[in-house]
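Chemist: Chains as they are written, first to last, in our numbering: chain U, 629 to 1052; chain V, 629 to 1052.
Worth flagging that the hints you see were computed from the coordinates, not collected in a lab. Being a predicted model, the structure only gives us computed values, none of them experimental. Please note that a few of the clues may not be correct.
Copies of the same chain are indistinguishable here, so a pair counts whether it falls within one copy or spans any two.
[Stated by the list, open to error] Think about it this way: if two alpha-carbon atoms lie no more than 30 Å apart in a straight line, the pair counts; the simulated DSS-like pairs of lysine-lysine are:
| no. | residue 1 | residue 2 |
| --- | --- | --- |
| 1 | Lys842 | Lys800 |
| 2 | Lys709 | Lys652 |
| 3 | Lys932 | Lys652 |
There are 2 protein chains.
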Amino acid sequence: MNETDFLSSLARRSGDPAISWLMKMTLDRPAMFSLAAGFTDSETLPVAEVGELMAELLRSGADARAALQYGSTAGDPELRKLTLDYVCAQDGLAPGAALTPDEVVITSGSQQLLYLVSEVLCDPGDIVLVEDPTYFVYLGICEALGIDATPVRMENDGIALDDLERTLQSLKDSGRIGRLKFAYLVTYFQNPTGRTTGFEKKREALAMLRSCEKAAGHPIFALEDAAYRDLRFDGPDTPSLKTLDTDGERVIYANTYTKPFATGIKVGYGVLPRLLARPVLRTKGNHDFGTANLNQRLVALALKNGVYARHLPVLRAGYRRRRDLMNAALQQHMPKFVSWQEVRGGLYYWAELPERADTSRGSPIFVNALDHGVLYVPGDLCFAETPARPKPRNCMRLSFGGTPSHQIEEGVRRLGGVLKNARL
Amino acid sequence: MNETDFLSSLARRSGDPAISWLMKMTLDRPAMFSLAAGFTDSETLPVAEVGELMAELLRSGADARAALQYGSTAGDPELRKLTLDYVCAQDGLAPGAALTPDEVVITSGSQQLLYLVSEVLCDPGDIVLVEDPTYFVYLGICEALGIDATPVRMENDGIALDDLERTLQSLKDSGRIGRLKFAYLVTYFQNPTGRTTGFEKKREALAMLRSCEKAAGHPIFALEDAAYRDLRFDGPDTPSLKTLDTDGERVIYANTYTKPFATGIKVGYGVLPRLLARPVLRTKGNHDFGTANLNQRLVALALKNGVYARHLPVLRAGYRRRRDLMNAALQQHMPKFVSWQEVRGGLYYWAELPERADTSRGSPIFVNALDHGVLYVPGDLCFAETPARPKPRNCMRLSFGGTPSHQIEEGVRRLGGVLKNARL
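Just chain U, with the same shape it has in the complex (with noise of 0.2 Å):
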């Protein structure tokens, strides 16, 4: 008896996620200078403000039995309310019709509306268009289920509209366009190159999306991840996808509380068209009925009394900071054929070396960085399979978000040494 035929086609499909490796590494290392981990800045976490959130959240009886309590499925509704008016203000748009608190659902994590969503959208062999490279944690959900992560080159801001439309073509010519689902786009400082997607950029690739609906014989949304969206140290806001959908019906809009506030709460959200409000809440209800209610109620209260709005200035003078140093030690110990950009928020610097370079799980250059206790994310996790092209191998995803600020200098120096040392 095979030791996996009795698992199901999604089990089967699915590999060990990356993600989970590289936590575990990164955990079971403390010793290492790991600049993999996608964790959040430790010294900014707003400790205080949590515990007097929490002491003042169960302080008084009947509140605080709320709060532990069991709640709804799409989550607590002056939670999902909060969130309308936060994510309206951070747009200039107003709740109306098509915007309520009845499209608003409180995930545990953003990571879990992207799940609901390609779940309750895709059946195996259905298309999503990704960003080349994209949040590896991503294709990992696409391959459990089934789905065809399809690529689309990425420039400096947002994936090439040339490549878009080429791609859209060509799925028509085969007769493909009718498996295309949604577009998955990490819109602001993406996970892992840094970049984010320019206004009339994102304008042309919806337009260009809904184009295709014809052809398709269904919506074709777009699925925009913000999660970076409020760890912002530079430069101004840009509007977001649903700001071209004022009627609520093509933009799945996923943001979090996790990152730019208590990571260990794992309290995210989606704003959602319409349309696919009931069948992600139906998935909701089977997965867990509902994303624990004290975590809720604190982002409630934090929302609520200014708390979250004063401790962001806070947390982004952390994180520019954090990028000053890394931008510095790159400068300093990185040998000339590394190029990199500098970027204005979220967690990562997306470092390219020649292509000749192989950066991958188990090349020289990784195990080297490991012999001198140093941690990346191998970039060809973040590309997806396609006939259309190799898997580059030669970039690196480096993190100066979770990693100790005094050991970002250090990490990269150490790196430097590594690649000067693979004569390339």
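Given the coordinates of chain U, assemble chain V onto it according to the supplied hints.
Modeler: Same frame as chain U, now just chain V:
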């Protein structure tokens, strides 16, 4: 364009989960006397205890920051060890080669474990044996995943072994035994009937399942849902199915800290057969890559410093009192044609009316009860669809767990009046 034909097969199979409308009805109509919700007893929720634990957790710098940071997909290592110790102590087992923290996964409530296990074992068309009646949210999972939930008759001490034998034989005879993946058994104070499965019956049932493996060509698991085990207020405990699976090969043990401690923190767990630990973790990695770390640290602290153990008798006394209130009210107010068994744990009474009665969602009894401000769970929700019998519509699940204690008597009195008027 049809409004749903772009959805996945899973989404198109999924109906609105009954738990969602029941919870919503309860939350939206606070004036109603709800005997429906599976809420826990708000009066004995450990408000002060959680407040103190949070204060302790968030006091010291490094530990507080770790609690507010991401953890690993499988869960906090200390909580996994404490959980294994707790399960072993409860069952008189010794941790060993087959029972290590590596087989423990911490989930967002035990509900998430039910979903994950079903997802990694079952393709559409696969078979799971369920009790008749069973936990209705589990039937929703089966519906969504396309699982053929095949009911086995219930007796006062668990599934009827003769019906289990008959069912297994008929699967063999029809050549469908290869589709059978596991049996889902709610073995302690079952939701909805309040019944506990006897130990000898567990032994027999497990042996019968294993005896079919050769014909099936793969392992057949038993998923033991012990969510109500710690809510035992009368009588002795029963050893788990896990004690009959000392090699750790076939029994998936699911339990939770949500019901017997702090509901709003939503922390459950599974102790898995080795064969399943990896696939479950892979899929959990895709769902959310780990349950909220703060909540896990809270439970670990409660287990470690004895708060959990000290709170159990308080909570049990509260539930016993409520059970007594409901029992007295049923005896006083129910017409003679209603029958029920006294329960020794859990949150529910299961009331049976004459077979000709109809208590289903749109029935005159249900509507009249609502008109009198009383909500119950229609029993038909708890029965799987099967050609083998018409779906019984003559039962009601009555919760004494979440109903404010002063409403239990009045709720039962009103319901008794409605039933008397039904002239059955």
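Chemist: Each hint should be assessed against the structure and marked as holding or not.
Modeler: Structure-based check of all given hints:
1. Lys842 / Lys800: For Lys842 and Lys800, the Cα distance is within 30 Å only inside one copy (11 Å; across copies 48 Å).
2. Lys709 / Lys652: between (36 Å within a copy, 16 Å between copies)
3. Lys932 / Lys652: So Lys932 and Lys652 pass the 30 Å test across copies only (24 Å; inside, 36 Å).
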